[in-house]
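Quick mapping for you: the protein sequence lines, in order, are chains H and C.
My numbering puts the first residue of the first sequence at 37, with every later residue one more than the last.
My numbering puts the first residue of the second sequence at 37, with every later residue one more than the last.
Not one of these hints is a red herring.
Over 12 Å on every C-beta distance to chain C, these chain H residues come out as not near it, computed from the model:
#	residue
1	53
2	61
3	201
4	206
5	230
6	284
7	288
8	295
9	309
Short derived list, chain C residues pointing at chain H, Cβ under 8 Å:
#	residue
10	78
11	92
12	112
Since the hints were derived computationally from the structure, they do not count as laboratory data.
All values derive from a computational prediction rather than experimental measurement.
For every residue, glycine included, the Cβ atom is placed at its ideal position computed from N, Cα and C.
2 protein chains.
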Amino acid sequence: MPMLFTDDEVAARLDATTSVAAMRAAIVDAYEGRLVAPPRTAAPLTGGRLVMTAGQLTDRWYGYRSYDTFGHRQGEQLVVLHDAATGRVRAMAVGEEIGSRRTGAIGGVATAALAREESRTIGVIGAGGQAWTQLWAAAAVRPLREVTVFSRTPASREAFAARVRAELGLRARAVDTAAAAVAGRDIVVLATTSRTPVISATDLAPGTHVNAVGFKQHGRSEFGLDLVDRAHVLATDSPVQAVAYDPPMIVVGTTAEPRLRHLGAILAGALPGRTTADEITLFCSVGLAGTEAYLLDRLASSVAVPV
Amino acid sequence: MPMLFTDDEVAARLDATTSVAAMRAAIVDAYEGRLVAPPRTAAPLTGGRLVMTAGQLTDRWYGYRSYDTFGHRQGEQLVVLHDAATGRVRAMAVGEEIGSRRTGAIGGVATAALAREESRTIGVIGAGGQAWTQLWAAAAVRPLREVTVFSRTPASREAFAARVRAELGLRARAVDTAAAAVAGRDIVVLATTSRTPVISATDLAPGTHVNAVGFKQHGRSEFGLDLVDRAHVLATDSPVQAVAYDPPMIVVGTTAEPRLRHLGAILAGALPGRTTADEITLFCSVGLAGTEAYLLDRLASSVAVPV
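Only chain H is shown next, with the shape it has when bound in the complex:
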């Protein structure tokens, strides 16, 4: 009988430090060829698609995440982990927590690698689940002191700030504009559903690190090429997926494309990351495939007996 984890169990067992460490290992494994992560595949159904993102850590496990595009508010994803030696199903997780924690933790890896060591302030655009897990992970890699947050709905940003105070114990303020949320911040998170830029590059202070989690494709992107041009370091968790996006990532096909670095190459020391305190660094998160199964493997391995 495989282990089956619900969202409550994932939330109770998978902390930010563990998650960021696992995603750091995953990104390096992907860069060095041990984590096989082909582009997603999908089956077309009426009204939506059923999508599978697969991954394989050579000789250890293989697995996948499945999700759909029907847009159900309570729709559940599934993450499945097979043992590579036997093919048996070792663990499954039903719900959203593995997926959202891994996206947050990938952002945490980028922040740990690219934000200035002395970063203490963070500005967040967006007040949804993605914004939350980005902050959750960032707080695990830098000793944050203050959070500013903007989203279009005042009640949402106020609730987000209140949650930051309650759950992370950090000073937090909701502000009236996106520009105010990011002004002078050491770290900025863009985690919106916007199809047009929510900030200008000139809104940012020198030395800011930016994690961009929302749309970042040609024709729909929460940031513009002005930010790409201003960024000294451009990185992503999967250049292959960046190109495979349809339409492709905003950087692809521009003069900036050759500057887009695999975060794994930076982590492995093959390419430089930030070199001065004044540089703007931009992490374009695409959600490296196979990382949900990677996180489920860590979770399952941490549990002595099936739950």
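With chain H held as given, fit chain C onto it using these hints.
For chain C alone, kept in the frame of chain H given last:
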């Protein structure tokens, strides 16, 4: 928390009559457009592929089966069922039983539709799991009296015959040749892994119904075009999948292709099935996609409380 079924639970709860009735409904639903069943999709990994076959019964549920091609002896498949209204995972089944029972039951549907009413004898080529579930389902749709079985390994065919006697309570004989197994039989099952024909069309008595479960593609097929030519009725559970096979089904591209009928059309009365007692009928099973989720829906609906 979704329902989770193991092989033992599926075996205990899913009998042949229920399974055949469900697969009959599924094939008619597919023919009439209510069951959406796109061709399978796969993610390439090192050493094998992870495959997903999806299905959707409009406004009721959607789901999939996942399996892989690594060839593990104890490898487990997964069948997942989502509620169409909420997107939540309603049930999952881990293992082989749903998959093998649905393939058997699809053969049972074809046998019920195409074999003569007075069929009492069955000849089986192959002694594996697929051969077993074909017989299991055939016995639910015709009052069988005698089973003959051939496979290349004497111990395997003897064990199969013994299992038939013990579990189905039928007279059963292992025989030395494939021709002897099918001679004068009312129903014939081909369920081998052979890439070349295991019988000749002339081995069959007039009026025989044949369920072909193994390879049936150009270049690798357990039966030849002589059987296709002799068959008065050619049917399959999915003409779309027959064409999508790579290489395509042996019938595709031949003069026989226009004669290949959707079994659902026969069940719905849109096309004739057998019209005389002397006709040979041939069912080319491809394993209609979405049918595992269909069967899991029936199973989940039959269970009052989560197991």
